[in-house]
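Asks: Single-letter residue listing:
4 protein chains.
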Amino acid sequence: MGKSTFGNTFTVTTWGESHGKAIGAVIDGCPAGLPLLEEDLQKYLNRRKPGQSRFTTARKEDDLVEILSGVFEGRTTGTPISIIVHNTDQRSRDYGNIAASYRPGHADYTFDQKYGFRDYRGGGRSSARETIGRVAAGAIASRILGEIGIRFCTYCKSIGPVSIRNFNPDEINQNVLYMPDAQAAAEAASYLEECMSRQDSAGGVVECRITGVPAGLGDPVFGKLDAVLAQAVMSIGAVKAVEIGDGINVTAMNGSTDNDGFCNKNGQITKTSNHAGGIMGGISDGSEIILRASIKPTPSISQPQQTVSRDGEELSLEIHGRHDPIIVPRAVVVVESMCALTLVDALFSNMSARMDRVKDFYLKK
Amino acid sequence: MGKSTFGNTFTVTTWGESHGKAIGAVIDGCPAGLPLLEEDLQKYLNRRKPGQSRFTTARKEDDLVEILSGVFEGRTTGTPISIIVHNTDQRSRDYGNIAASYRPGHADYTFDQKYGFRDYRGGGRSSARETIGRVAAGAIASRILGEIGIRFCTYCKSIGPVSIRNFNPDEINQNVLYMPDAQAAAEAASYLEECMSRQDSAGGVVECRITGVPAGLGDPVFGKLDAVLAQAVMSIGAVKAVEIGDGINVTAMNGSTDNDGFCNKNGQITKTSNHAGGIMGGISDGSEIILRASIKPTPSISQPQQTVSRDGEELSLEIHGRHDPIIVPRAVVVVESMCALTLVDALFSNMSARMDRVKDFYLKK
Amino acid sequence: MGKSTFGNTFTVTTWGESHGKAIGAVIDGCPAGLPLLEEDLQKYLNRRKPGQSRFTTARKEDDLVEILSGVFEGRTTGTPISIIVHNTDQRSRDYGNIAASYRPGHADYTFDQKYGFRDYRGGGRSSARETIGRVAAGAIASRILGEIGIRFCTYCKSIGPVSIRNFNPDEINQNVLYMPDAQAAAEAASYLEECMSRQDSAGGVVECRITGVPAGLGDPVFGKLDAVLAQAVMSIGAVKAVEIGDGINVTAMNGSTDNDGFCNKNGQITKTSNHAGGIMGGISDGSEIILRASIKPTPSISQPQQTVSRDGEELSLEIHGRHDPIIVPRAVVVVESMCALTLVDALFSNMSARMDRVKDFYLKK
Amino acid sequence: MGKSTFGNTFTVTTWGESHGKAIGAVIDGCPAGLPLLEEDLQKYLNRRKPGQSRFTTARKEDDLVEILSGVFEGRTTGTPISIIVHNTDQRSRDYGNIAASYRPGHADYTFDQKYGFRDYRGGGRSSARETIGRVAAGAIASRILGEIGIRFCTYCKSIGPVSIRNFNPDEINQNVLYMPDAQAAAEAASYLEECMSRQDSAGGVVECRITGVPAGLGDPVFGKLDAVLAQAVMSIGAVKAVEIGDGINVTAMNGSTDNDGFCNKNGQITKTSNHAGGIMGGISDGSEIILRASIKPTPSISQPQQTVSRDGEELSLEIHGRHDPIIVPRAVVVVESMCALTLVDALFSNMSARMDRVKDFYLKK
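Protein chains in written order, with this note's numbering: chain B, 1 to 365; chain L, 1 to 365; chain S, 1 to 365; chain Z, 1 to 365.
No lab work stands behind these hints, which were simulated from the structure alone. A portion of the hints provided could be inaccurate.
Note that the list lumps identical chains together, so a pair holds whenever it fits in one copy or between two copies.
Said to hold, decoys possible - List of simulated lysine-lysine pairs, DSS-like, C-alpha gap at most 25 Å:
1. 49 x 60
2. 21 x 364
3. 43 x 60
4. 49 x 364
5. 43 x 21
6. 60 x 265
7. 265 x 49
8. 43 x 364
9. 359 x 43
10. 364 x 265
11. 359 x 49
12. 21 x 265
13. 21 x 359
14. 60 x 364
Since we're looking at a predicted model, the values are computed, not measured.
In isolation and in its complexed conformation, chain B is listed as follows (with noise of 0.2 Å):
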């Protein structure tokens, strides 16, 4: 599988740099005849689009996007949907300074070392616009999931210490931070202003709750549903853990406070707890699926810090320009999407899992 490519038989393939011309993906195995707009994508897009509040850079990218292949009179034909959005404000003077030395907390000094040289005007692949493509794709994914039902709640858990105590999921788009929870939500803001004042960063934990899957989904081993759901959301840049339903805490749990009983309501098999977050052995149960992930702080810092340059020299490094001191309410969007990606790869490699059903299929037709 290409290295820019995810999933199996939906996949999407994205590319595009963050002082490049312009960043796209191409998604393919989309069903035909799913209704698409550019509107449908941009929606997305939007929820991580820059410049939304004072806690984001102050890069002005509209972000908007063009469809230029696989979508024929409102809906999608089968064939590869293309994606591009230009990029307008590189502003790449911005980054001289930084070309000929490597900024902690990024990926500059991994790139020279595996490529032997960088784009060094920007992040360049690994910029968080790479996730731009991530994004459009999981509009498109999370568009498929909504015609059987399968919704998203996605918000910031915490930011720095603080921590949501309350969860009204009508309070997630009141406020710039995606919180469920305006007190939290404040007591954040507060934190991130003081953060800035100390010209440092903060990170936090974004959690996914999804409904509305049907049981069945994943595989039972290297394909488990919450293994490739790890992945996923692992390769979203600055994400250091993932933990799935409990996650680490199910380490100081026992057994008989960890496990989820089964119940009958009303003639329908039911879990009386969710300790798994809704995947056994790998395979969707049929209740919520709960994932989050851990992000770090900003690497991007304007406080002087320890580095080299490209020769081996050490010198003190500034690092001014428009940086987010915070990226975890952008990458609520971004989650979401890599698990709406995930999901629909399943689903769709779920579908030959019976010989009941593949018979059913192909001769009731």
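Guided by the hints, dock chains L, S and Z onto chain B, whose structure is given.
Replies: For chains L, S and Z alone, kept in the frame of chain B given last:
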């Protein structure tokens, strides 16, 4: 990619159920000329073999491995290596009483939902015995990595509420819990005794440290080294969280404390710290790779649990039989194996990352 | 994808060498609930088994197949099916004299060039015995296809200069050359006798016709059904050409004679001819799929041949031993198996081609 | 693997329809540091561009290529190379009259069967314009291969009934039919004039010869170099047969005449003939690789043809518009491109075939 296959260039395909005739794996893409004997694999398998201590299942399996292909006169030939381990102690009568109901914490329910029926004699494909193939493959991967100086140090970092306070690598193989801290190991043993007396089970954390990894392994986007490691490790049954470097702790840090600076150490560019856990932008940076897996308590416990039958009838289930009160110590070598498999694949994939090196390879030979 | 793995959703991974302990395959992605017994596989293996006629090697192998996993109570479970056939008549002494030199027409030289050394006891991995795994997998694939009405008719179309003039499907299994024309079979037998008397060997053409294939299988670009069939069939050792429909004859035709028109046959859209061989633009059109493989003469002949030793010393080589004067009849079931594997993969992949059918699948169940 | 993606390590993903906004491709896995300019790609695209002679469509497309990512300061960066060619002369009105019926020899019917509807403005995804992405990618692949001395010579071997009798490589680019025999080219031109006068079209054979290929490329089983080449070339629309080396002619030969002997030529092991076409057991043997593709006559002809409407109504169709009377000459560079893509992938995959070379690679750098 086959659902039971892991890797792109260096692949392992596992097969077999807990109560079938045998368990095995096919390892493909192994370079020719690697010295390899059955003993090399057996050593790894012995680390996960049951019956080694009072904290593991009494099921008696010697888990003797046989190499069926791909090795000639003590060296790999470059063709697929097929390995097999016969199941000798299936004793399926142990499981008779659970055939008709869904064990909490297991994959019984999800298998039935996905496939319509299941091998009800035991865990089937989601049994921990499936990891035999992973460990045999991991032994081969480790041997390849060893040839270029990559070494593993893997251990239990915590069991239930007991975490290590000291780190003595020589201690790891001195206690049955594979903890690098004798004192903590003793405390953990007491904790486990207490769990067992309550007919309960416990979880814990496995940590894997990898040294000697050259900078440059991994790809910038979906094939990030940490992303593939996350999939690899999360695909082990019972793992509920994967962390890289400082993991979930990064969320409360600031850029100024989380960023690793660079310095020049006798002409060698080095990092001043390793919060990132050896991976920057998805690419290894030459420092130690650090990964943690959170593992849930063994779901099989003998105290009564609420569940339902296949027909939806509610009932109380007691699982008697031969089950590990904790699987974390036996998972140590499984986590190490999955990391080794991931690294070999990244090692081979990286060989074509630079045109000058491709030219060297083909024109200098 | 592993180099020894074929397919995307329904995959087969083969392993084993001609003179190793055993030969086998792992079939993954088989739907659950398919009735399957060892006899089902044995029937196919018997069609390629040596020693069936005076035109095949005298090597005595019963080629008894054993299923090691993935089948429970006579039905597939949805997990990998591992099959094994033990090598019982390796008699490696037959090959001792050829260990140090390169047999013309074989892969000895290229194996040494690629891997640095080889299993010199026989053909190793490039032996025709490798196809055992393909045929066992093909038997499973054919069983799946049979469930939805897809049937194969595969036979020798020509042997050396002798081509069939009549087509009587009932005749195919009445002669040891699997020709649908008794007269041609008799002539071909005479030709082979004559080749054998000259210590020489012969080639021929295998044709495969597949009926009942629903329209819509295959993808428009790189995954064209004919393209994947071409890879599948060309991957059989000794195949030097693959043709679809009218094949090489199309080059001398005109659009007006090569195009298949459409008509309405009792309300069913049908083609007026089938020059295309059942595939248009890479997608099955519902008519018979027709494919031909050109197979070279067996390279092992006992007359003296010019070659060199591993050290480059020129010498004359006579290959005595038990070799088929022709492999074409035994290749019939191998070609059929590779086509079956390709079709099953296309069948499953096609299930997510239309959004309305995906919705039906998940919302109506 | 995505259906529109080719390759494992070095991949190309194409997108775009004949009458959409643009056509493009994403090339991933290209090593860093390769000098690459848009001119390098344009040179290849010009070889397949329409309007070059009286034997190609009058559709006016400049097919100007733009590189959107992956190249910085004239060198590849190791990240995906996105290329785009805008469609400037869609003139969809040409196709209006064929929207409702199925053109014989085209994929209209199978697209409708697979996807439920189609972009009826033209060939859509199965248009020959799709090959633009392949050729741009092929240009990059050829540049990589050129760096290690691999060269292509590709030409029309026959057109309709006219085959070349002489082989003069310098002649290939001297005639619009890319034939290496001026006399045959003249005869073929007459034949084509005659076809055109009858409102008919013609087919032919493209042959590709590749020199400088190191021994050892390709894998022994499903990834045989000839098998992957067969898929690559058969995936080009209108190709109905692929032959390697002596191809279909081997079936009438004997082992004694088909086998290539070995000799020692000044200390170099060489073959005494090349019936195998440079590939033995699926692995390159260091001699010239020879491949042929049989290409059918252009299906679009303006004489009346029998067909049906989407509703199944029988009718007579005349396709007026701008269609090539033959596509074989324009397919020359497409066949070459697909072979180049295949070889680069095999080249990179082969780098990890031997443990000693892997050690050299990592320990000597």
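Asks: State the violated hints by number, sorted upward, taking the hints as numbered earlier in the document.
Replies: 2, 4, 6, 7, 8, 11, 12, 13 and 14
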